[in-house]
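Chemist: Sequence:
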Amino acid sequence: MIGCSGSADRLTTPALVVDRALLIGNMVALANLAKRSGLRLWPHAKTHKSSELALLQLNHGAEGISVASVHEAEVLAHAGIRNILITSPVIGTDKIRRLVRLTSLAERLNVVVDNLSNVTELAEASVSAGCSRRLGVLVDVDIGMGRTGVTEVHQVVPLARAISSFSPLEFRGLQGYSGIVQHIQAYSDRRRAYLGQLDLLGKCVQALREAGFQVEMVTGGGTGSLGLDIESGILTDHQAGSYIFMDLQYRNVEIFEGQDHQAFQNSLSVRGSVVSANATGRVTIDCGSKAIAIDGPIPEVKDPLSACSYEYYGDEHGRVSFDDQEVRLAGSTVELWPPHCDPTVNLHDHLHVVSGNVLCGIWRIDARGVL
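Quick note, this note's numbering runs 38 ahead of the 1-based positions in the sequence shown.
Take the hints with a grain of salt, since some may be wrong.
[Claimed, not checked] Here are the in silico distance ranges between beta carbons for each label pair:
{"hint": "1", "residue 1": "L367", "residue 2": "I129", "range": "35 to 43 Å"}
{"hint": "2", "residue 1": "T50", "residue 2": "Q244", "range": "49 to 57 Å"}
{"hint": "3", "residue 1": "G184", "residue 2": "A224", "range": "19 to 27 Å"}
{"hint": "4", "residue 1": "L367", "residue 2": "N290", "range": "27 to 35 Å"}
{"hint": "5", "residue 1": "T131", "residue 2": "S170", "range": "19 to 27 Å"}
These are computed hints drawn from the structure, not numbers from a lab. Remember, predicted model here, so these are calculated numbers, not experimental data. Beta carbons: idealized from backbone N, C-alpha and C, even for Gly.
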């Protein structure tokens, strides 16, 4: 079936579908932008949770890959990816043990911390495991999101000193991420909300340098903040993730000041089939909350049926309403734009890669789940 004309039209639904040309185009666009701006790319795999896609990103200009969990790091390390950054603190004996073991696979494995206890746990676990390769550690700074990270500039230097005091650990720098600004639509509004946050991160960098530390990495940022991350010049490494797929939440986000078109294209959709067409003006399809994320705006029906409207109709089903003059038959397909790409991807086992009416490949979403 793969590679055959018309194969993309014969997918079993519900199916997660990506347009290969648009996907690659998004990767190339960000790689070119990063090169011009002097940013190193560590795109976030929490978006796609696929080792195959992560390898493709490395082939298109990425220096390393960011992940949200030890599980994601394990999958990517076993796939041969050597530069990995875990962007959430890792806690718990079992997870820390799994983390330090990965230093034998990933030549440049990094994790963030925001407290001394976690630093000590990482060092002790590394010694117990007999790790021969040092674990890179970054201090996580809460620049305004209120989720993780140290909250004051004066907390950064003592943590960096603690990291440096343990031989199995290597201080690598800082992380400062603000998810709350990513979907602010107007560039000017995002600037007002975000530049003060980046200023706090810059003060942390300055404090470390004044204390004699080399700050190799200052990482953070997302797809929505790209323009301001470049404008500020504070970040050295960038974690954009959604740019490869995009979604409805990003549709009206002005990523770059004065842009007259979206910098990245919507490449991801969910395909469903009509399972019942007995009612007037509406049909039932096999795409409910188990096939497409329910956080964010309501999914939209993709062209050429964009005059139709979708609503959730349960776990397994959705309802598509349309003009009475239109006829939809059982077995016909409907394509939906997802509201939020990351959690939508996490609902599926495979990603169907298409080019026109040809199915180019089926990629496993091998890092899905929350282990």
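Chemist: Next, verify each hint and record whether it holds.
Modeler: Hints versus structure:
Under the hint 35 to 43 Å, the C-beta atoms of L367 and I129, about 53 Å apart, miss the expected range. Checked against the hint of 49 to 57 Å, the pair T50 and Q244 passes, with Cβ atoms roughly 55 Å apart. Separation of G184 from A224 is about 23 Å and conforms to the stated range, judged on CB atoms against 19 to 27 Å. Between L367 and N290 the beta carbon distance is about 34 Å. The supplied range of 27 to 35 Å therefore holds.
Between T131 and S170 the Cβ separation comes to about 21 Å, which falls inside the hinted range of 19 to 27 Å.
Violated hints amount to a single one, hint 1; each of the other numbered hints is respected by the structure.
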